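Participant: Below are the chains, spelled out letter by letter.
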Amino acid sequence: MHLLPVVEAAATLAFAASGLIAAARKKLDVVGLCVVATLAAFGGGTLRDVLLDRRPFYWVEHSPWLWVILGLCIAATFLLRKRHLAITERAMQWPDALGLGLFTAVGTQLALAQAMPPIVAVLMGVITAVFGGVLRDIACNEVPKVFSDHQPYAVCAFLGGWVAAAGHQLGWPSEASLAASALVTCVLRVAAMVSGLKLPGWRGQ
Amino acid sequence: MHLLPVVEAAATLAFAASGLIAAARKKLDVVGLCVVATLAAFGGGTLRDVLLDRRPFYWVEHSPWLWVILGLCIAATFLLRKRHLAITERAMQWPDALGLGLFTAVGTQLALAQAMPPIVAVLMGVITAVFGGVLRDIACNEVPKVFSDHQPYAVCAFLGGWVAAAGHQLGWPSEASLAASALVTCVLRVAAMVSGLKLPGWRGQ
Amino acid sequence: MHLLPVVEAAATLAFAASGLIAAARKKLDVVGLCVVATLAAFGGGTLRDVLLDRRPFYWVEHSPWLWVILGLCIAATFLLRKRHLAITERAMQWPDALGLGLFTAVGTQLALAQAMPPIVAVLMGVITAVFGGVLRDIACNEVPKVFSDHQPYAVCAFLGGWVAAAGHQLGWPSEASLAASALVTCVLRVAAMVSGLKLPGWRGQ
Chain A
1 MHLLPVVEAA
11 ATLAFAASGL
21 IAAARKKLDV
31 VGLCVVATLA
41 AFGGGTLRDV
51 LLDRRPFYWV
61 EHSPWLWVIL
71 GLCIAATFLL
81 RKRHLAITER
91 AMQWPDALGL
101 GLFTAVGTQL
111 ALAQAMPPIV
121 AVLMGVITAV
131 FGGVLRDIAC
141 NEVPKVFSDH
151 QPYAVCAFLG
161 GWVAAAGHQL
171 GWPSEASLAA
181 SALVTCVLRV
191 AAMVSGLKLP
201 GWRGQ
Chain B
1 MHLLPVVEAA
11 ATLAFAASGL
21 IAAARKKLDV
31 VGLCVVATLA
41 AFGGGTLRDV
51 LLDRRPFYWV
61 EHSPWLWVIL
71 GLCIAATFLL
81 RKRHLAITER
91 AMQWPDALGL
101 GLFTAVGTQL
111 ALAQAMPPIV
121 AVLMGVITAV
131 FGGVLRDIAC
141 NEVPKVFSDH
151 QPYAVCAFLG
161 GWVAAAGHQL
171 GWPSEASLAA
181 SALVTCVLRV
191 AAMVSGLKLP
201 GWRGQ
Chain C
1 MHLLPVVEAA
11 ATLAFAASGL
21 IAAARKKLDV
31 VGLCVVATLA
41 AFGGGTLRDV
51 LLDRRPFYWV
61 EHSPWLWVIL
71 GLCIAATFLL
81 RKRHLAITER
91 AMQWPDALGL
101 GLFTAVGTQL
111 ALAQAMPPIV
121 AVLMGVITAV
131 FGGVLRDIAC
141 NEVPKVFSDH
151 QPYAVCAFLG
161 GWVAAAGHQL
171 GWPSEASLAA
181 SALVTCVLRV
191 AAMVSGLKLP
201 GWRGQ
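Residue numbers (UniProt numbering), protein chains in the order written: chain A, 1 to 205; chain B, 1 to 205; chain C, 1 to 205.
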């Protein structure tokens, strides 16, 4: 479990970077960069906590993270060049997949701990992992990528969330459920990335 | 009151269908269809409950609905063709008008039960009935239809909500208030649909 | 402190007017005008209160304000002409700067009173003052102006919020902190307006 804080930090940075890149592509100013990066990093978990009526939020308990993201965004306005964006995005895919796994598992477990029905708990896991990106894209005035790019992303979170729900049902220790759910989600995501698998298109042509 | 669950189910399906149609028009993938349909069906009531600090949400208490919408959206990706969209949309106008009435009345009453001032309660009724559509359109990166199409839709909810507020003030039994408010809203909406009445344009040309 | 209600009313009207103008520019109907003006006026404080889990909202405690904004928007559909928009917007800059100061200071203090860490409290001040405009622009399907126009607006709020945080730390009386924070924010904003200072662009070309 010494691994957990490392995974969490890498994943949070990857999520923040996705916001920073999206904001930079829209040529937002430094305020836009900071807000969109923060939304991408913490928006999903915050929405989950508002829905579950949980406090304090992650970024209130770990408020130094706000400074990290602020610093990162200010530095980016000086250092980041347009040609870095695609490279950064590709490099961030890997910690992003870790984050997808970890945040799905954590979100699902938090909802199960509040005695939510399994489908609701899994949905909370998906919201935790995916809605930061949705809020990021809405703030940038784009159709959310996760709704339209036909990549298996939310689907991996949905499937992996059921592992946590099953573990809870079967009485597994909480850490085992968490690890299994995160691992399955992450492996599914990496498999989708490597294989280039696409969701079936909407056939309504 | 045996009618109530039937009206509720028909209205929820009509709201979900409006999300499904909007998502299909934007060519979103199956994830987008599921999320936007769910937002359209439950977004308004959920926003009201977050504002009123009420739990559990309708879709937590009635979680099988989430499976229904999920199944509907997956089926739609296989079965729905582009030429079906306009027909479905027209057919859904009628249960949608029922939903406008029912959800306005329910939302207003829930707020009145929390001793909200009448104008706030009516606003909560309007949010319940109308903001699912607003969130649907924002998620699809469109200007919300209810803000821009000059159709009397939110206005019908606003007027009908006052019937529930008046009934509450006059000490009517709760069921009578609910029925009267829902009926007035629904009749106003149907009258607007049939007559083709439009809201006055904004005159600032 | 007799000044406070006057400043508050002027600022609320200026924020509502910014919503009305944005909605009019997008040619929304009267429903859109009312919703967007209300979001611009109360959206920031409401979002802060949802995050801090505070109730009642300002517009529930002061519900007559909802009638004022409703009346204003209905009147605007009849009276406001396109050529009035730019003039109104320019006239509203001054009460808007007052609002930026006041709402930042109030929001920061409310969060400090809940023992939030300083950076979170300042962020809550910024959300209070700035996110009404963000929600306004999202509802109008625009990239939020505050993220993209390179004007020092959120930055003034961020800096001014620290005055309230410092006052709290140093044990100043609450009114002195509030006044100092509001004043500094407002003066910074006016200085930015008068000097035409711009935030550095994102250099990633």
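Hints listed in this document are in silico derivations from the structure and should not be mistaken for laboratory results.
Take the hints with a grain of salt, since some may be wrong.
Note: identical chains are not told apart, hence a pair may lie in one copy or across any two.
Cut-off 27 angstroms, straight-line C-alpha distance, at most; resulting in silico cross-link-like pairs (DSS-like, lysine-lysine) [unchecked claim]:
{"id": "1", "residue 1": "K145", "residue 2": "K198"}
{"id": "2", "residue 1": "K145", "residue 2": "K27"}
{"id": "3", "residue 1": "K26", "residue 2": "K145"}
Note that the structure is a prediction, hence the values are computed from the model and not measured.
Participant: Please work out whether the CA atoms of K145 and K27 approach to 27 angstroms or closer within one copy, between two copies, in both situations, or in neither?
Facilitator: both (18 angstroms within a copy, 12 angstroms between copies)
Participant: For the identical chains here, do K145 and K198 meet the 27 angstroms Cα criterion within one copy, between copies, both, or neither?
Facilitator: Answer is within; shortest intra-copy Cα gap is 13 angstroms, inter-copy 31 angstroms.
Participant: Given identical chains, is K26 near K145, meaning Cα to Cα at most 27 angstroms, within a copy, between copies, both, or neither?
Facilitator: Answer is both; intra-copy 14 angstroms and inter-copy 12 angstroms each pass.
Checked against the numbered hints above, the structure breaks none of them.
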